[in-house]
Each structure stands twice: as structure tokens, then as C-alpha cells.
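Listed below are the residues making up each chain.
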Amino acid sequence: MGKTLAEKIISEHVDREVVAGEIVVTPVDVCLVQDGTGPLAINQLRKINLERAAIPQQTVLFIDHAAPSPRKELANDHITLRQFARKTGCCISEVGDGVCHQVINESFVRPGDIVIGADSHTCTSGALGALGTGMGSTDVAIGIALGKTWLRVPESYRFVMHGRFQPGVFAKDLILHIIGMIGADGATYKSMEFCGETIENMGMSERLTMSNMAVEAGAKCGIIFSDEKTREFLLKHGRGKSYRELRADEDATYERSFEIDASKILPTISFPHTVDNTRTIEHKDCQDVTIDQVYIGTCTNGRLEDLRIAAQILEGKKKNPDTRLIVVPASRKVYQEALEEGTLSILNQAGASIQSPGCGPCVGIHQGVLGDGEACLSTQNRNFKGRMGNPNGFIYLASPATAAVTALKGKIADPREVIR
Amino acid sequence: MTAMRGKAWKFGDSISTDHIAPGRLFHLRSNLPELAKHVLEDARPEFASSMAPGDFVVGGGNFGLGSSREHAPTIIKIAGVSAVLAKSFARIFFRNCINVGLPAIICDTDKIDEGDELEVDLLKGKVVNHTKSIELSFPSLPPVMTKILQEGGLANYIHKYGDFKLE
Chain A
1 MGKTLAEKII SEHVDREVVA GEIVVTPVDV CLVQDGTGPL AINQLRKINL
51 ERAAIPQQTV LFIDHAAPSP RKELANDHIT LRQFARKTGC CISEVGDGVC
101 HQVINESFVR PGDIVIGADS HTCTSGALGA LGTGMGSTDV AIGIALGKTW
151 LRVPESYRFV MHGRFQPGVF AKDLILHIIG MIGADGATYK SMEFCGETIE
201 NMGMSERLTM SNMAVEAGAK CGIIFSDEKT REFLLKHGRG KSYRELRADE
251 DATYERSFEI DASKILPTIS FPHTVDNTRT IEHKDCQDVT IDQVYIGTCT
301 NGRLEDLRIA AQILEGKKKN PDTRLIVVPA SRKVYQEALE EGTLSILNQA
351 GASIQSPGCG PCVGIHQGVL GDGEACLSTQ NRNFKGRMGN PNGFIYLASP
401 ATAAVTALKG KIADPREVIR
Chain B
1 MTAMRGKAWK FGDSISTDHI APGRLFHLRS NLPELAKHVL EDARPEFASS
51 MAPGDFVVGG GNFGLGSSRE HAPTIIKIAG VSAVLAKSFA RIFFRNCINV
101 GLPAIICDTD KIDEGDELEV DLLKGKVVNH TKSIELSFPS LPPVMTKILQ
151 EGGLANYIHK YGDFKLE
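Going down the list, the protein sequences come from chains A and B.
In this text, residue positions in the first sequence follow the numbering used here: the first is 1, and each later residue adds one.
In this text, residue positions in the second sequence follow the numbering used here: the first is 1, and each later residue adds one.
So here's chain A without its partners, still in its complex pose (with noise of 0.2 Å):
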């Protein structure tokens, strides 16, 4: 019987044929923790006596969330994971290395591999051809200490994408009408898998913003075949030797399928306060709302092809004098590569307040809390009340395209309009 992806992996790893509904438990192949879980973990596993690592070499602990940190607490909580990394020589990654589901992706994930982390939008890796899911602390640290979790082989929804975007319209917008569509809840313990023309001509980068937010929409992963596009990535990061070609059997079976039409998803805007309060950009509540922050950045849209997209509009002109524009690279390769070819400078003379690699504002820690009654139109994956620091504040979601248009006319505005 043909397997889905999700079945596909998740049989390789126990040594036998699985199919949706059973509960196994199997090996893993990379654990994450990043600041705001790890020392929770940590913590969990000296309690038990259980302070080791099964496969070190692929368990990173990543100081990302407060990097560099605001607060004496926070940089207490980075010497923990520094302590647990020297004792069991698990991999860490440093203050200004990068978001951890950037960074895990550039230089851990394998296709195929089963990636666990204690943070939601582990399902990055399904960009990959990987089975990545988020857990808990506790979930992750036994996973690092035992080499292996328990799990229910999840039921899959396919989304079948055809046909190409129109100018100004990014896989942002379409991950943001998938979850609008189908609800926060729509694919709840299900594995969703996206292919499809549209995914076939998709770079990695676009790929990783699909998979990234398939937690939005309650799923257990998101899961894209493998293919040339990937061994590209992996090439590009030193690691063409990990690729291999992953895709699910043309007769798996599927609980539900959905057709999209590329060509007819607009430029999509998240409302506050959930991801799936979605409008398209020709709607009129997207007339007239005047926006005091942009943030560019994030595991979800702080790469290079995102940087570049906001440097194309905002090359040669300046952001509206209203509205603060911050500007986060994903990784140090990403910042590297932004700096050395000079799309940081354009950022930066167009009035970018440009900032450490890391998840930047996006949790409301530091670097850009919104103040009472402030807008910001955000590239990241959530606008949760209190996100961004401060639960009077109001979030938008979008594409950098349309971030980048918006801070040029500090209103929710049309990147159709500049890219044609």
C-alpha cells in the first residue's frame, strides 16, 4: 500500500510498515532547544539523574530567543545551556548565530531525518523532506537523553498547488490563505504535505515559509518532497552528500486533498489577534490602517531572498518617517551573504534598523515591544495577543513584499503596486 511522507519516514526509522492512527516509538535523528525551553529541560533531566545525550553531535542547544540577552535572568538561563553543552557535547549555537529553525536546517537536517524540538515551528524542517515536529521541554529532553520519542503516526491532508503567483505574491500569502482557509485548527494532529507545480518551481526559501507555518494551522509537520531544489541548498551549505530524493507513493492515501490556484492568491494580511483572521490586500479593511513598526525578519521570512525582495522597494528611497523598520537576517550566513552583496546597505540607508541574528522581536522579549495601542506589521508566524510584549498591541501578518511597501507608506499597503 502506497505511504505518505509522514509514513514513509516514520517506517525507516522503526523497521517496519506503519500506517496513520498507531503509536510507535522511534529513534530520532536531531533534537533542538533553544533559551526559552532548554533550561527546563535541562532542569527536568537533572531532577531524574538523567543529564546526558544519546547523539550529541546532532543535539543543538540554540541561544536565539534573547540574544544578546536583555536580562540578568535570561543570560543565567544561557549559562545553563552552555554548562549542559560543555558536559554532554551536545553542539551549541551561539548569541548572533541565528534562529535555531535556520540554522538547524543550514547545517543539521537531513531528508528523511526525524527532527524534534522544543519549539513549535520545528516543522520547518518538513521544507527538507524531514518529519519535524515540536514538542515540549520534558518531550525533547528525554528525546536528547534517550535518542528516541513515542508518537501517533499522523493522518495527512495534501495540498496540491498549481500554476504561478502573480508579480508580488510570495509563498507567505499563500501559507497565510492555506491557514485562513482551513481555520487555527484545520489540520490539528494531521501531517500536512504540499506539492504541486507551484512547490515544484518554489526555491528552499519559499519552501521553508510553507512548512514553517503548518503548526499555525494545528498541524503535527508540514512536508515537502525532496528534490534538485534541495540538494541545492544542501550543496550550497557543504553538505551535498545528506541529500537524498524523498517523495510520497502516487497512491498513499490522504484523509482530505485540496487543489489551490496559485495565479488567484492575492497579497494575504493576518489580522490581530490570530493567524487565521485573514484578508486579502484588496479587501477594505486593509484601507487606511496606519502601521508603527515593520519587522522583516524571522524563521519564517528572515532570509536572503526576503531581504533582497525588501531592498528591490525600498532601493534608492527612504521609509515613511512614522513608522520604524526593523530588519533581523536568520542566521550569521544569512547577514553574510546580506552585507557582502549589499542589500543590508540599501536596508540600512532606507532606514533599517538592522539587528542580531536571532528571533528579534518576534517574542516579545526585547529588540522592538510594541507600546499601547501600536500596529506592527509583522513577516513573522504569529500575532497572538501579547506577542510581541505587549497585549494592548496589534499584529499583522504579511509577505516582506508587502512589509516592505508598508513601511514605505507607513499604511498597510500593496506590493503589486511596486512590483510588476
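Hints in this document: simulated from the structure, not taken from any laboratory.
Every clue listed holds true.
Subject to a maximum C-alpha distance of 25 Å in a straight line, what follows is the list of computed BS3-like cross-link-like pairs (lysine-lysine): (1) B/37 - A/47; (2) B/160 - A/47; (3) B/7 - B/126.
Computed from a predicted model, the values in this text were never measured in an experiment.
Assemble the complex: chain A is given as a structure, and chain B must be docked to it using the hints.
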């Protein structure tokens, strides 16, 4: 811990982990008793100071969506809440509840109002709403989760068994 009794505190749909344990209090994550003083603050600011130990958090659909932060169910438990009831839960939050030993119960919470006196029996899979004199049933957990909950959470479970036991 099989039979629990307390008052219902009602919350709406889509209560996120940011409502429960906001990012602006990130620096308190290694000080859970202090973080617990702010539990659910951005949904109902008065909750933490007004609830009594043993009370229930009663949500609508997709309770606990968002971040993987296990601190969210942990501080609900530290605050003294005996269980969370909702029409549906976000996946990671549900798993985290069981992992920290906090019962997460899926039932028709439209039949529960603010202040209702509830009694929950985990073994029988039953919620009794004494105020309304009605009974609600809830589905049982997979065996592995039942055992984790019985041991008071995943860390205790692994400490005792040394490995995952599926049967």
C-alpha cells in the same frame, strides 16, 4: 488524584500560550512559582489572584494554541488548577499537559458556565456539573499517556520505567 472537585473559570476559544504565559515574562521562565502568579493574565487578569486551589480552567475550542512552551501548563498546575477542560486542544499543549501531570479533558464545555461546581473522575471519564445536575463524558487517553499522567508526568515516568512502554 482521580476525583477532583472545584469551581469553573470560563475562558473563550483560542486561548494561546501567550495568554497563559506571555513572552514579556520570558525572564521568569526559570522561576516558575513567580511566573505562576501571572498565569492566564492576558486572558483574565484577575484569575491568578482570585482562583482557589482545586478549581478548573474551562476553555472553548483549540485551547493552548501556539508555542511549545511547557511553562504554560506547568504554571496552570503550580497555581493549583486541578484540570483543564476544553472542546478541543492544540496538539503540543495537550501533550505538554500530560507530560507535566495536568489532566487535559476534552468535553462539551458549552454545558459549563462560569462558577459552576464541577467534579471530575478521571478513571470513569466523567465530569459531573453539580450546579446544573448534568454529567458529561470524555474519551480515555492512549495507554502510554494514561501511564505518564498516573506517574505525575513524563520525567517521573521515565525515572521509574527507564524507557517508553506502549502497552
